[in-house]
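**Student:** Below are the chains, spelled out letter by letter.
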Amino acid sequence: MSDREAPVRQQLIISGVGGQGILFLTRLLAETAIHRGLAVISSETHGMAQRGGVVVSHLKVGGFPSPLVRAGTADGMLVLNAGNFRLQRPFLKADGWAAMNAPDCAEQVEGPAMHRIDADAIARESGLRQGTNLILLGFLLAPGSPFPFFCTAGDIRQVLESKQATRGNLVTQSLRALEAGLEYGTTYYLEAPGC
Amino acid sequence: MSSNILMLGNEAIAAGLVENGCAVATSYPGTPASEILSSVAAWQKATGATMHVEWGVNEKVSLEIAYTAAITGLRSAVAMKQVGLNVASDPFMSAAYQGVKGGFIVISADDPGPHSSQTEQDSRMLAMLAKVPVLDPDSPAQAREMVGLGFELSEKFEIPVLLRPTTRVCHAGQNVPAVEFSPSPISVDFTKEPSRWASTPKFRLQQHLQLVAKLEQIAVHPATAPKRINPGVTAPKAVLACGVAAAHAREIMTDSGLIDTLPLYQVLQPFPLHSEFRDRLLASYDQILILEETSGVIEMQLADRQRTRGKLTGFVAEAGELIPETVERLLKDFAGITGDAAAPVDTAGGRKPTLCPGCPHRTSFYAIKKAAPHGIYPSDIGCYTLGLNLGAVDSVLCMGAAVSQAAGFYQAFRLAGKETDIVATIGDSTFFHAGIPPLIDAVTQNARFVLVILDNSTTAMTGNQPTPALGSGAMGEPTVAVDIEGLVNACGIRFCQVADPTELPDFIALLQKALAFSHSNGPAVVIARHPCVIDRRRKVAPPRRPVTITPDCTGCRYCVTSFECPALIFDEQQKRVHIDRLTCQDCGVCVHVCPVGAIIEQQTEGGLQP
Ligand code: SF4
Ligand code: SF4
Chain A
1 MSDREAPVRQ QLIISGVGGQ GILFLTRLLA ETAIHRGLAV ISSETHGMAQ
51 RGGVVVSHLK VGGFPSPLVR AGTADGMLVL NAGNFRLQRP FLKADGWAAM
101 NAPDCAEQVE GPAMHRIDAD AIARESGLRQ GTNLILLGFL LAPGSPFPFF
151 CTAGDIRQVL ESKQATRGNL VTQSLRALEA GLEYGTTYYL EAPGC
Chain B
1001 MSSNILMLGN EAIAAGLVEN GCAVATSYPG TPASEILSSV AAWQKATGAT
1051 MHVEWGVNEK VSLEIAYTAA ITGLRSAVAM KQVGLNVASD PFMSAAYQGV
1101 KGGFIVISAD DPGPHSSQTE QDSRMLAMLA KVPVLDPDSP AQAREMVGLG
1151 FELSEKFEIP VLLRPTTRVC HAGQNVPAVE FSPSPISVDF TKEPSRWAST
1201 PKFRLQQHLQ LVAKLEQIAV HPATAPKRIN PGVTAPKAVL ACGVAAAHAR
1251 EIMTDSGLID TLPLYQVLQP FPLHSEFRDR LLASYDQILI LEETSGVIEM
1301 QLADRQRTRG KLTGFVAEAG ELIPETVERL LKDFAGITGD AAAPVDTAGG
1351 RKPTLCPGCP HRTSFYAIKK AAPHGIYPSD IGCYTLGLNL GAVDSVLCMG
1401 AAVSQAAGFY QAFRLAGKET DIVATIGDST FFHAGIPPLI DAVTQNARFV
1451 LVILDNSTTA MTGNQPTPAL GSGAMGEPTV AVDIEGLVNA CGIRFCQVAD
1501 PTELPDFIAL LQKALAFSHS NGPAVVIARH PCVIDRRRKV APPRRPVTIT
1551 PDCTGCRYCV TSFECPALIF DEQQKRVHID RLTCQDCGVC VHVCPVGAII
1601 EQQTEGGLQP
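Residue numbers (this note's numbering), protein chains in the order written: chain A, 1 to 195; chain B, 1001 to 1610.
Because the hints were derived from the structure by calculation, they are not lab data.
Owing to the predicted nature of the structure, the values given are computational and were not obtained by experimental measurement.
Any given hint might turn out to be false.
List time: in silico SDA-like cross-link candidates among lysine to any residue, alpha-carbon distance up to 20 Å [to be verified]: (1) Lys1370(B) / Gly1391(B); (2) Lys1352(B) / Gly53(A); (3) Lys1045(B) / Arg167(A); (4) Lys163(A) / Val1179(B); (5) Lys93(A) / Lys1370(B).
Sequences are here, hints too, so could you generate the full structure?
**Tutor:** Spelled out as structure tokens, the structure:
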């Protein structure tokens, strides 16, 4: 991660559908921000949408009063469900980036810097049923990733490990998924394929 | 900063309650308020505070229990969503008259948008109607502080206090200091005073006069007075904001520099608006922009349409959430700044919500449509509202209305001499909440319909809170389990049968029997019992019946459109259906759905075929 400067102010959108562990991912990132001594405010989707509908979290690191990201101001986006990208793309600022879970390049669009991983396929192959969220995060944080991020994979590991006592199995699965994403990302960025 | 932890707004409110010595906390779950009570239970466990924490059967009962604790001198609180306050409005209005001894906070979480509610109603309007002061937080941290402020206000004036967070506060996460708890002794004292606690109309007039006098005092109470965000800035115009709109305004005005030119005030207590503040505002500014959700509560109290710009003057839209993009446009218009503000991101579209893979409700709805293909299907509030997608939900009004609407449809059609199948659906928790009185009514009036109680032993939509039938409470403590069949029978229903909807063919046959009974004898009840697939507390896991799709699949899409299990995926290339192994729950029900029998139960262990 030494090739990237960690920003201390960052606005992020995490987008997916109910059941993909968006809330878990949002809280993990928020706790990691706190772990790094940064102020954080986030906004989550609860209720009906959690039943398979569109679920979007806003995460603002570095002392923002409002929990919501305005259109055109997000630095980056973690897209767990490719079909959401077109809908939520207006959140991104002009030089914003996206890390996306998608089986193919169908949702690839002109404009934002974007990298893609088929996290669902990796989850299936490695028997990590609930792992899509952390696989995508590992991919985003892998060495060689060009996207600036407020924390490192090491920070995520530490925060996950601090929960080991209370949420053992979930933590083990999450760590495995994170590693799977990191591993895929490490070779991916070396080869730097287009879509 | 390192001692900070992440809390949702609801967790922060719960922390505030426990830290401030709240002894009795009650709630009925409802988005966006549901996590308040479960967090109180968690903080109680962590701190060992002496508390009674309960999920009440509905909001009215919950409010009455917490209120009564407050008249014995204890600090207490009740939490609910805004439509829950409608249910609890009867005791709420009277509690304002009789007042309290210990601090009493009613937390009613509003849902501008609405994101997960039937209405966008503003609980502050009900507080005005009740003549109860309101605190309106802008963030989790402030919501927690307002619990302390609220208890003090409540005790000083012996009045209930409404704490009104909105979705964006309840479900915002923020770094806040960890819980600090020092135990305080519990002392209870109920002084009999019938003219107060059992007041007749004569005394109620006195109480009303006292209430009006209390409000006048509360309108000059220093601790809850409006805050000036940018002291020293002067202009002929000013902005007044409250709740999360104040957070949006602060951020946007800082980003755009308006914070240096336009006076910004944050109102903490929108009702009653501080009287000196109101007079000073009207004397100092020609134009005042008011940013508040969802109705013009502050604006009404300013009552000078020449100077105010808000909901009542049409400057701010009467409906919908005040999202930051809207706040930005309003602030710029008000300040006379031209140029484009970013258009809000369209939140409609994308995948629509659907029942989980393996959800037993899907099976019940499918069976209902088979048994009564031309029926009318009143339904209710819960996950099962999503039976809409299956065409098996025709009406949803409010909690418990499935039963009364079924009766209403029956009576209306009867008058016209028409007989039709009516199959109503209601969840177990909703049945306990508000379904029993209309069922008694249906029995006395002999309304002919079938009520299917979708009993998954949990309150699923809001996060799997226990129901009275579960036998364990908010703290996981054992409770007396109430039996749904017994209740149904006691209402006078003469056809009541329990079955597992995932035994699909048998369940369809049972519904047909119930329909036949209803047409000749009166209301019939079928209890569809099968646990929720995502309930981690469920006692028995349902049997696993993994399925596979044979080459016989014709690609007709029937299972995808009529059964709509999200784990059944239509493969556009191969023109056939496959099963998504990441999400399939192995419930095995779709075997009965495929018209050509191409979905079969898997015979051998392992070797799953996608
Ligand atoms: S959460 Fe439970 S009740 Fe709700 S849709 Fe899923 S399985 Fe059904
Ligand atoms: S077995 Fe069939 S109905 Fe059940 S979850 Fe899997 S695909 Fe859906």
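**Student:** Now, for every hint given, state plainly whether the structure supports it.
**Tutor:** Now for the hints, and whether the structure bears them out:
1. Lys1370(B) / Gly1391(B): 12 Å, holds
2. Lys1352(B) / Gly53(A): 5 Å, holds
3. Lys1045(B) / Arg167(A): 17 Å, holds
4. Lys163(A) / Val1179(B): 18 Å, holds
5. Lys93(A) / Lys1370(B): 51 Å, violated
Comparing the model with each earlier hint shows a violation of hint 5 alone; every other hint is respected.
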